[in-house]
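Undergrad: Listed here are the chains, written in short residue letters.
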Amino acid sequence: MRALLRQLGVFLIRKLGSPIRDEVTGELVGRALMVVWRGRIHVIGFTGACPLKPMFCSQEKIHYWRQAVGFTRPESPDFPRHRSE
Amino acid sequence: MPSTPLVATVLLTHESPEAVTRMCAHWLSRDPDQVLIVAYGGSAADFARLKEEHTVLVEDPELRTRDHPRERQSYLGVFAAVVPVITRLGVSHVHLAEYDEIPLVEGLNARLLEVLDREQADVAGHRLSRVDDTSHPHFTFHCHDPAFMNYWRSMSRRDDHEVVLSMLGCGSFWKTEAFVAVSKLRPPLRIYLELMLPTAAHHLGFRVRPFPDQDRFMAPEIPKSREDFEPFRKDGAWRIHPVKGYWSQSCSNP
Chain A
1 MRALLRQLGV FLIRKLGSPI RDEVTGELVG RALMVVWRGR IHVIGFTGAC PLKPMFCSQE
61 KIHYWRQAVG FTRPESPDFP RHRSE
Chain B
1 MPSTPLVATV LLTHESPEAV TRMCAHWLSR DPDQVLIVAY GGSAADFARL KEEHTVLVED
61 PELRTRDHPR ERQSYLGVFA AVVPVITRLG VSHVHLAEYD EIPLVEGLNA RLLEVLDREQ
121 ADVAGHRLSR VDDTSHPHFT FHCHDPAFMN YWRSMSRRDD HEVVLSMLGC GSFWKTEAFV
181 AVSKLRPPLR IYLELMLPTA AHHLGFRVRP FPDQDRFMAP EIPKSREDFE PFRKDGAWRI
241 HPVKGYWSQS CSNP
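So the protein lines, in turn, are chains A and B.
Just so we're aligned: 36 in my numbering is position 36 of the first sequence, and the numbers increase by one with no gaps anywhere.
Just so we're aligned: 233 in my numbering is position 233 of the second sequence, and the numbers increase by one with no gaps anywhere.
Same shape as in the complex, but just chain A:
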C-alpha cells in the first residue's frame, strides 16, 4: 500500500511538479512540488538523485522588489589529504 502511494505520488509530481534546474549549469536535475508555507519553501517529492543547495539567483536587471531562490548541486568532494606524514 505504501509503495503504491509512493508510486502515485511520484507519478503526480512527474506530471505536475516544477522542473528544477541547476542554476549554475542549467541542467534539469528533477522535479518537485514547491509549496511556500509560513515563510518557508517546502520542496516535496523531489525526483532527482542529487542533494539540492538553495541559492539566490542572479538577475540581469536590478529588481529591489523581487528576488528568486533557485537551486544548485554541491561540487563533488575533492579535498586534499591533510595529515602530517
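The reader is advised that the hints may include incorrect statements.
Partial selection, computed: residues in chain B whose CB lies under 10 angstroms from chain A [what the hints assert, rightly or not]:
| # | residue |
| --- | --- |
| 1 | M155 |
| 2 | R158 |
| 3 | D159 |
Simulated from the structure, these hints should not be mistaken for lab results.
Positions of the beta carbon are idealized from the N, C-alpha and C atoms, including for glycine.
Dock chain B against the given chain A, drawing on the hints supplied.
TA: Chain B only, in chain A's frame:
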C-alpha cells in the same frame, strides 16, 4: 605496511552459516589472494556454527536497526570488531562489503586499488557527495541536533569544520590507516553510518573520493536479481547491489 597490498574484504552479514559459506566461496573464487573477514550481525548460536577462518561477532545494538537512517545505524561496532583482525594480519586495505553486494568480475581488488591510487585517495566510496547546507535528508535530520556539527568542529583537523560528506557504507574501500583511525572515534551522539564514515575520515585529514562510474550499479533503492548480472557486467559493473537473499538460495556461481 606491506609493500604488496593485502586486501581484507569485510563481509557484513546476518545470514545462515550455509549462506555465509556460499558467499565466501564465491568471493574467494573471484579474488583468491584476499583475506575474508566475516563480520556477523546474526545470532550468537549461528555465529558459533560459522566455519570460516576469520570471523567476528558484532553485538553492537547500533548495528541492529530496522529503519536504518531514522535509527541512525552505525558501523563503528563493526570497525571496532574488525580492527584487531586486520592489525594482526597486516592488511594494507579494507573493502567493506555487505552480504547483498555481489562481485561480478575477477580481480576486483586490483580495480579498487587502481582507483585509490589514481585518485591519490585514502578512502573511496559510492554516491559520495558533499551534503552540508543541502536538502540531503540525512543531513537535515542530523543537523537538527547542534551536537552533530559541534562534534565535527571539536575533532576536525581541517580548516573548514563545516564540511559534511555522505556515501554508501556498502562497497567502500579504505587504506587501513584511515579505517583504524575512524574505528577509534566515539562521537557523543549516534550518527548514521552514511554520514559518519566519510565525514569522519575527511575531518581526520584523509582524502575521500568517489567511484563515479560504478554508482548506478550499487543504488540501494533499486533491487536487483540474478537476471541483472549479465547485463550489468556487460555494462561495466564490477559489483552489483542490492541482491537480497541470493546466498540463502541454492545457486550456481554468478
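Undergrad: So, for every hint listed, does it hold in this structure?
TA: A quick look at each hint next to the structure:
no.	hint	result
1	M155	13 angstroms, violated
2	R158	5 angstroms, holds
3	D159	8 angstroms, holds
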